[in-house]
Each structure stands twice: as C-alpha cells, then as structure tokens.
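Same order as they appear, the protein sequences are chains B and W. Reminder that position 119 of the first sequence reads as 117 in our numbering, one-by-one numbering, no gaps. Reminder that position 190 of the second sequence reads as 188 in our numbering, one-by-one numbering, no gaps.
You may find that some hints are simply not true.
The list makes no distinction among identical chains, and a pair is therefore deemed to hold if it is satisfied within one copy or across any two copies.
[What the hints assert, rightly or not] Straight-line C-alpha distance at most 25 Å; calculated SDA-like pairs for lysine to any residue:
no. : residue 1 : residue 2
1   : Lys59     : Glu99
2   : Lys3      : Arg172
3   : Lys153    : Arg1
4   : Lys15     : Thr35
5   : Lys153    : Ala186
6   : Lys3      : Asn122
7   : Lys184    : Asn122
8   : Lys153    : His182
9   : Lys15     : Tyr189
10  : Lys184    : Trp123
11  : Lys184    : Glu124
12  : Lys184    : Asp93
Think of the hints as simulated: they come from the structure by calculation, not from any bench. Remember, predicted model here, so these are calculated numbers, not experimental data.
Number of protein chains: 2
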Amino acid sequence: MSRGKSFIISGPSGVGKSTILTELMKKRDLYFSVSATTRDPRPGEENGVHYHFIDRETFQKWIENGEFLEHAEFVGNCYGTPKRYVDEAMEQGRDVILDIEVQGAEQVIALRPETVRIYIAPPNWEELERRLTSRGTDSPEKIRQRLERAQEEYKTAHAYDYFVINDSIENAVRELDSIMTAEHCKPAERYAQLAD
Amino acid sequence: MSRGKSFIISGPSGVGKSTILTELMKKRDLYFSVSATTRDPRPGEENGVHYHFIDRETFQKWIENGEFLEHAEFVGNCYGTPKRYVDEAMEQGRDVILDIEVQGAEQVIALRPETVRIYIAPPNWEELERRLTSRGTDSPEKIRQRLERAQEEYKTAHAYDYFVINDSIENAVRELDSIMTAEHCKPAERYAQLAD
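Could you build the full structure based on these sequences and the hints that come with them?
See the structure below:
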C-alpha cells in the first residue's frame, strides 16, 4: 500500500467548497483534517469531529513542539492544523484534505513542499457575489468585504498547482477527483514500482 | 475556447497501448497524431489515416524546414511527426496524442517542453512477457529481445510526468482520462480565466 498524499483546498467564502468536498468524499476515501482551536465549542459541536478543542496553554505547547502544519489567530482565537492526525491518515494510505486559506497554505508548503495546492474559484466575481447574496446571511456591506477579500486572496494564489472552476458541482467534483488520481500517477510514487 | 494540449504516450510493445487509446478516444475528443513515413503503404493502409506516405526527397525537405516535432530512421525507412496537423488540432481546442518512443519524446520536449509525457507500464516484467507470448506472433528469441529493449527503455523514462500501470484496461483508461482532465486545471491555462 502506498502512502497517502495531502491536498490543500482553498477558495473564497461562498464558492461552494463544502458541497464539493461532501460530494467528493462519497467517491474517494479521504481524511478531512480537523483543526485545533482555543475557542469554545458552539452548541452541537463535538470535540475531535468539528474541532479539537484545546486551551491556550496546550495550543502554545503544540506550537513550541512543532506539532502544527500551520496556525493563525483570528479575532482572539487560535486555529491550527495538527500534524499527527494528518500523518496517521497518510501512513494508513489515505489521502488528506486540508481546508485552509492561502496564507496557511504557504506555511504548509514551507514545511512540506510536496503538498498539492488546489484553488476552487468561481466562474466569475459576479457569480460569487450572486451566491453570497442568495445565501441571505450577510449584509450588503459584509458581502462587499467578502468579495474584496476574495479578490485580494486570489492574487496571492497564483502559485497553486491547480485551479478548479466551480461552474457546476458535478464538473468541479470530477476535476478534483481527476487531480487526485493524476497525482498518484506521478513518478515519485510510481516509477520505482516496476523494478528490473 | 482554450487551446488543446499535447500528450506523449509511450510504452513497450505488448503493454496494451492501442487498446487503452482506443477506449480513451471513446471518452474524449482527441486527435491521434498520424506519422509521416517514407516506407511503402501495406495493403489496406490509407494515406493520411495510417500514415502520411511521402518520398525521401519530401521527407528531407520537411526536416530542413523544421516541419517535424521528431523524426528517426528504422531499418532503412524514415518516420516523423509533422507539426502542422498537431498544431491545427490544438488550435481547434483538441488535445493531441503523440504515440512515440522515449527517444522521440526527448526530441519533442527539446522543442516543446510543455508537452506532457505519460508512460504506460506493465504491472511487472513477467506479465509483459506473458502478454507478448500469448499474442503468439513472436519467437521466444524475439520476445526476449523485446523484453530487454523494454527494460532498457524504461530506465531512460524516469523524467516522464506520469506513469500509468496497465493492471486493467479500465483502470489505465481512467487514469489517462484523469491526467488529461487534471492537466487542463493547471494555472497556465486556468489562472487568468478569473480576471479582477
């Protein structure tokens, strides 16, 4: 059995990432990386399922021990991707999905340059605006902020390995599935299988 | 419409390449590059379908005019891949299959480093020997020569982009199909589609 690979999936809020990943996980056996956080659990959130809920002291210790692939602070709470669960899954031959933003992805690549980066993009910015509006959860001002942030982030994503355009869920899932299959055909994994 | 891409498909005699490519062409619209040759047509071979049959003088002129992606001489006859049909297909947005050997592939890469190289390999050498034997067309001595040549060629193929192992036709076709889909998600083609 060959070792699993890890895939960073990034994309702006409203692009449809969670729908795509839910569909993809029906087709492939994937470990979806669970983040650690110092924030309190919300009602219905389970430890180890939605997040690993840890206190600040533990979070700090994990940073010092090099136990994170990436970590960051948002509005007073710490979030990070623990290495151990990712590595366990990969050793079991499972591919890993890291659902993280472009800045976090840069931290992961600095540690593990072999990680594959995939950006899920909307067909165009008007369509992203339409999707954000139709969710009905954000004010027009908030939507404008999200759009600006998405456009800024996209500019920094040019080094990604692949761009999947979510013009339809079916198409986006097919492309992600293909990328993962193709990555397992790379020489680093395959060439030595045929010895002489 | 985006420009087509070109894919070099190499692999040893007996690996099942033509069966795989026939199945793949049922799934994707591909232009299968037709070689030019100076040898005489065999019964049933059509000009422009099996080969472009040209005389030595024309072949030499095409070399001088840089009209080949690669060319070589085998047992007194010249064979080459003309650029023009490949380019026409790519301009029409069609992907192109170049069915050529590792040495020819090196010539293509020297001219067009963006060409994707895929090697179709048997699961192991014993299986390739079994397939060559079961075809019943070659003497044991000829089979031994083909095997040795395949093993030598494989050593020089380590720079290929992808290795597809033909353990089953279905699997090999799925992997080739995935590689082509994935290659169309690369930033060179995709990133600029989402302007700001």
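Here is how each hint holds up against the structure:
| no. | hint | result |
| --- | --- | --- |
| 1 | Lys59 - Glu99 | within (23 Å within a copy, 55 Å between copies) |
| 2 | Lys3 - Arg172 | both (18 Å within a copy, 19 Å between copies) |
| 3 | Lys153 - Arg1 | between (32 Å within a copy, 24 Å between copies) |
| 4 | Lys15 - Thr35 | within (21 Å within a copy, 51 Å between copies) |
| 5 | Lys153 - Ala186 | between (30 Å within a copy, 14 Å between copies) |
| 6 | Lys3 - Asn122 | between (30 Å within a copy, 24 Å between copies) |
| 7 | Lys184 - Asn122 | between (31 Å within a copy, 18 Å between copies) |
| 8 | Lys153 - His182 | between (28 Å within a copy, 20 Å between copies) |
| 9 | Lys15 - Tyr189 | between (33 Å within a copy, 18 Å between copies) |
| 10 | Lys184 - Trp123 | between (33 Å within a copy, 20 Å between copies) |
| 11 | Lys184 - Glu124 | between (36 Å within a copy, 23 Å between copies) |
| 12 | Lys184 - Asp93 | both (15 Å within a copy, 20 Å between copies) |
Violated hints: none; the structure is consistent with every hint.
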